[in-house]
Amino acid sequence: MKKKHILTFVEIIFLIFIVGFATANSELQFRNVSKFPDAPPPVPPGFEQDLKNLTELRENGSLIQDSVKTRYADNVIHLYQGWNLISVPKYLEPGYNTINQVFGGVDTGGRSIYHYDGSTQLWISMQPNSPVIPLVGIYIYSVSPYDVYLVFDADNPDYPLKTLYPQWNMVGYWDVTPIAARAELISADPYWTQAIGFDASMQQDESTIFNSDPSWNTEMYPKKGYWLWMTDYGVYTPLAGTKDNRDSSLPTVGVEWGNAYSLPSAQLYWSDVTVTNFYNLFGNYGWKKMFNYGDLSALVNHFTATGDRYYIDGVDFAFYAGHGEAYAINLPTYRFAWFSNCEWGDNDLEWIILHACHTTHTPSNFKSLIHNSMTGVHLICGFNSFGWDSEYGYTGAAVAQKLLMGSGETVKDAWFYGIDECFGPPITLRVIGENEAMLDEKIYGYGPVSDPPVDSYYVVRDHDCK
Amino acid sequence: MIASKRLKGDMKMKFAVIAVLVLAIIGVCIISIPHLIGQTNSDAGALFTVTGSGIYILDAAYPTVPDYVPIYRIKQVDISYEKAAQLALSMGMKGDIQYSGRPGVIQITDDSKNPPESIEIYTTSGAFRYSIPSKEGRSVTYQPLLPSYDEAKKIADTYLEERNLLRNDFTFEKVKVGDSQETWRAGDTKPLTHYDINLYVIYRRMINGIPATEGITVTIGENGEVVGLTYKATAIEEKAFRNVKIITPEEAYNQLVEGNVLIKPLPGVDSTIRITNVSLQYYMKAEVYEQQFVLPIYVFSGVEPSYDSSPIVLYVSAIDPDELKIPPLDSSAYSK
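Chains as they are written, first to last, in the working numbering: chain A, 63 to 528; chain B, 595 to 930.
Heads up, some of the hints might be wrong.
[What the hints assert, rightly or not] A few chain A positions that, by computed beta-carbon distances, are all more than 10 Å from chain B:
#, residue
1, Lys97
2, Gln163
3, Gln189
4, Lys285
5, Ala322
6, Ser518
[What the hints assert, rightly or not] Here are some, though not all, of the chain A residues that point toward chain B, as calculated from beta-carbon distances under 7 Å:
#, residue
7, Arg133
8, Ala418
9, Cys419
10, His423
11, Phe448
12, Gly449
13, Trp450
14, Gly468
15, Glu498
16, Tyr519
17, Asp524
Derived by calculation from the structure, the hints in this document are not laboratory data. Cβ coordinates follow ideal geometry from the N, Cα and C atoms, glycine included.
Build out the structure end to end from the sequences listed, making use of the hints.
If you want it as structure tokens, here you go:
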């Protein structure tokens, strides 16, 4: 009879030491991740040989001619001959959401379909029943050009979230509209340093997108997959224009401003400082800073329904400083964002400050029988009277501090008393809320926040500075 | 027949061209005439002037002013935590000093009170704002019982006298509604509800017989309770620093129409301003700002007819430019 081996005390200590050493080394490895990788992203198993074969085919003129369209429907992924780095832009309908159900018609030439495990930095071969979900990059080989048709799950209201690990991660792209890398990857900021797509038509990596200006303005595209280099752990979740998507844990802020006016509007000097003070303080308190556009970069469609999704209506709290009217924001060079063309809150926006004259003087410009600009926004803060260019941008700082310090003030009070202490009489301020409860609401992290029902009623609150 | 139709078509074309020309001429006139009027009248107190921030209509007499006025140096108060705590105590408040996040602002909240009371003290100006936040900024669903304006003044007088805060250099100015709240339904022309939430009793500071742009405001809430006090009484040296020559109101008005104001207003292109009062005052900056001297300004008060006669004020430097060449004053004296 074989004697049962029992670990001795020395062996246990030795094991603890070995495990501890390995763990420590593993963590050490992640802690010391360099800002940029030493080498290009990994390639899937067999890639080099396939590339060699494809190159020979190309040189022989035997490569299959692909009839590539300039634009595919949102639910079509076009696969090129060779390797493709792709993703699905939405959740897929049950019954149409596994590897076999989605890619069953693709002739991979017997090759596996891969995703990349960032936690181990290893390739994982996907099984026929593996789910196909958003934000996951997938490497797939196709022996000939092929169109994959997706069936979206319109009833799934969730927004995806993917954990990111130090070093390389292979990610997908959420939604069907291209946006700048900075906005798409803001949840992973500042830990992502590079994003690299794959050009399947050329079978090579695309140019690197760096997490810095101006490279981060490069657009990322739906249905593509990207390599992401991370210097630390992080999360990837769409934040721009995604209403109530992790607002309490990853709230977002964006600001726009105007200084460079010409007659008949007087030039201003402090609008940029005013909004930047607000922006930076929110950033210091963990809010994701989504955008800061000014002068010629502050565009009308950032405010109006045609393009607000990734700008004013793409964040939880927005702040504009510059000239204004009772009916519009007046951007430099006579560009007006008419309130009647706005629809704020249907994508994301909860609170907006319009640091400009008379912007809330006429509430019916936001909500009337023929138009409703308040499509979900909780509170609009503005001037009932004229206002002033805020010297040293103190108003932006004062309002932010009142919102963020201690137990935080309500949005209404922060606006009223922040402006009051910087301007005084005879300035009068006005906020417009969807209902009375919005007057007592604090920002995320300081009190309950809930979306009000959108109806034909609204509440107006006035404050005279003193 | 065909020729007749062609003739009618030509006539229509001619009418269209003439109509476009007439509209263009009208447009040019609308744009040009205010400029022309402004330019011709600007030397003699313009009646109607286009400027950097809109159109001014002067509907006020110029005040009689002296040639020289004294200026004063601000006393550096630099309020410490101990002094702030003493001030809070004089307002009946105890409590720990909290980090306000704002340089130059000390905040004390007394949580032992029910409801808590708060005071913010501005260390450079010495101004403070006391409030019962849950009452001063409250939202309401009914009309709070507020005192009459006369009763409100008595309440405020008593409140300030009991705390020895009503100094001789402050004079009662007015009582008015401070905060109000309305509920509306889209398309209606009148609110469904309107509530006045509190009253302001306002006292204005006078320096050497000239009003200053600071004062005391007592906020009175439901049942006559004092729920807030804004006290702006910047300490200044008693003895004048020196006398300075000032420009005339006419010269100040010309500065206004040139757009040379101390703080730029934010109106866009649609702002017509009716100036209803011109006065000489001392400029006291808002409590968050540091200030070295008390300097004279011309205050152009008025209304904006396009916005329900919403009040507006514009500040213009009153000191003769030559005086600003004599140290320690300089061209940036008003912003220091």
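To see whether the hints hold, each was checked on the structure:
Every C-beta of chain B lies more than 10 Å from that of Lys97/A, the closest at about 32 Å, which supports listing it as non-interface. The Cβ of Gln163/A sits about 48 Å from the closest Cβ of chain B, beyond the 10 Å cut-off, so the non-interface label holds. For Gln189/A, the non-interface assignment is confirmed: its Cβ lies about 54 Å from the closest Cβ of chain B, beyond the 10 Å cut-off. No beta-carbon of chain B comes within 10 Å of the beta-carbon of Lys285/A; the shortest separation is about 41 Å.
Residue placement check: Ala322/A keeps its beta carbon more than 10 Å from all beta carbons of chain B (closest about 13 Å). Distance check on Ser518/A: its Cβ comes as close as 4 Å (rounded) to a Cβ of chain B, failing to clear the 10 Å threshold; non-interface status is violated. The restraint placing Arg133/A at the interface with chain B is violated, with a minimum CB-CB distance near 40 Å, outside the 7 Å limit. At its closest, the beta carbon of Ala418/A sits 5 Å from a beta carbon of chain B; the interface hint therefore holds under the 7 Å criterion.
With 7 Å as the threshold, the beta carbon of Cys419/A comes within range of chain B, its nearest partner Cβ sitting at about 4 Å, so the hint holds. For His423/A, the suggested interface contact is upheld, since its CB lies about 5 Å from the closest CB of chain B, less than 7 Å. Taking 7 Å as the C-beta contact cut-off toward chain B, the hint placing Phe448/A at the interface holds, the least distance being around 5 Å. Evaluation of the Gly449/A hint against chain B yields a held restraint, the C-beta minimum of about 4 Å falling below 7 Å.
Below 7 Å, beta-carbon pairs count as interface contacts, and Trp450/A has one with chain B at about 4 Å; its hint therefore holds. The beta carbon of Gly468/A comes within 6 Å of a beta carbon in chain B, closer than 7 Å, and the hint placing it at the interface holds. The interface hint given for Glu498/A holds, since its Cβ lies 6 Å from the closest Cβ of chain B, which is under the 7 Å cut-off. The closest approach between the C-beta of Tyr519/A and any C-beta of chain B is roughly 5 Å, which is under the 7 Å cut-off, so the hint is satisfied.
Interface restraint check: Asp524/A against chain B, minimum CB-CB distance 5 Å, threshold 7 Å, status holds.
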